[in-house]
Amino acid sequence: MPANPIIIFDIETGPLPRPELVIPPFDPSQVKLGNIKNPDLIAEKIQKAEENHVTDYIKNAALDALSGQVLCIGYKVPGEKARVLCADADGEKEMLVQWWKIVAGFERQPRLVGFNTKAFDLPFLYKRSWKHRVTPPYWLRHGRYWNDLILDLREIWQLGDNRAHGSLAAICRHLNLGEKSGSGADFSDLWLRDREAAIAYALQDVELTQKVHDVLCPELY
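Per my numbering, residue 1 is the first one in the sequence shown, and the count goes up by one each step.
Hints are computed from structural coordinates only; laboratory data are not their basis.
Heads up, a few of these hints could be off.
[As the list claims (entries may be wrong)] Computed list of lysine-lysine pairs in DSBU-like fashion (alpha-carbon distance at most 30 Å, straight line):
{"id": "1", "residue 1": "K81", "residue 2": "K180"}
{"id": "2", "residue 1": "K59", "residue 2": "K127"}
{"id": "3", "residue 1": "K37", "residue 2": "K81"}
{"id": "4", "residue 1": "K45", "residue 2": "K59"}
{"id": "5", "residue 1": "K180", "residue 2": "K93"}
{"id": "6", "residue 1": "K45", "residue 2": "K32"}
{"id": "7", "residue 1": "K180", "residue 2": "K127"}
{"id": "8", "residue 1": "K101", "residue 2": "K81"}
{"id": "9", "residue 1": "K45", "residue 2": "K93"}
[Said to hold, decoys possible] The following label-pair restraints were derived from C-beta to C-beta distances:
{"id": "10", "residue 1": "Q47", "residue 2": "D88", "range": "37 to 43 Å"}
{"id": "11", "residue 1": "R195", "residue 2": "E44", "range": "47 to 53 Å"}
{"id": "12", "residue 1": "G178", "residue 2": "Q158", "range": "19 to 25 Å"}
{"id": "13", "residue 1": "L33", "residue 2": "A185", "range": "23 to 29 Å"}
{"id": "14", "residue 1": "D27", "residue 2": "L192", "range": "42 to 48 Å"}
A quick note: this is a predicted structure, and the numbers were derived from the prediction, not measured.
No residue lacks a Cβ here, since even glycine has one placed at the ideal position from N, Cα and C.
Using the sequences and the hints, build the whole thing.
Dropping the structure here:
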């Protein structure tokens, strides 16, 4: 029986357009003051937090499907070049439709491989798909759990220790697989400033993810 095909993938996200963002009002009680006792220093810290409130919210909006959107999905089938689907003229909804068609289009259900996939990529994709009334393939989830065909390289790296740290960049460096060309935290700015460079970054993330997979899971080939 032929093995399940493997799809290496990674998503890049950004904040929703400013008109669509619902920015909560500033709450002084949420400012962490630590051991500061001086009233003037407390007032100064709260004032600074209020001044940065909107900027900080927008900066973190890309990490939550309620305030962020999928800008592109990079993917690669081993033996082929990495590709990127982009939420450009046709928008996020059409990109998600195309992505799930790719996942569902194999003769056998594919093994989806990514980094931090179960905690971030797939939940984000699902929630944005629900937003647009796009239906992911039914077999990806079994009740509360992901299908065994979902392979999260971060989970494999942790070896059962949920306290174990390690970003994709750090693990690639540790395994001598190369350096990332940037940071996902800056992706949305790069997306707006230099689309070609943003796509190159997304493609590199997919290639590095495959390299980590090849080291951690060589038995799957």
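Is it true that the CA of K37 sits at most 30 Å from the CA of K81? Outside the cut-off at roughly 58 Å; violated.
Take a look at whether the Cβ-Cβ distance between L33 and A185 falls inside 23 to 29 Å. holds (26 Å)
Holds or violated: are the alpha carbons of K45 and K93 at most 30 Å from each other? The hint is violated at about 41 Å.
Below or equal to 30 Å on CA atoms is what counts here, so check K81 against K180. holds (18 Å)
Note whether the CB distance of D27 and L192 lies within 42 to 48 Å or breaks it. violated (29 Å)
Are R195 and E44 spaced within 47 to 53 Å by their CB atoms? violated (40 Å)
Assess, step by step, whether the Cα of K45 is no farther than 30 Å from the Cα of K32, and give holds or violated. holds (9 Å)
Take the C-alpha atoms of K45 and K59, compute the straight-line distance between them, and say whether it is at most 30 Å. holds (19 Å)
K180 and K93: Cα distance at most 30 Å? Given pair K180, K93 holds - Cα atoms ~28 Å apart, limit 30 Å.
Satisfaction of hint between K127 and K59, Cα-Cα up to 30 Å: holds (20 Å)
K101 and K81 were given as a pair; does the straight-line alpha-carbon distance stay at or below 30 Å? At roughly 19 Å apart (the allowed maximum being 30 Å), K81 and K101 satisfy the hint.
CA of K180 to CA of K127, is that 30 Å or under? holds (27 Å)
When held up to the earlier numbered hints, the structure conflicts with 3, 9, 11 and 14 and fits the remainder.
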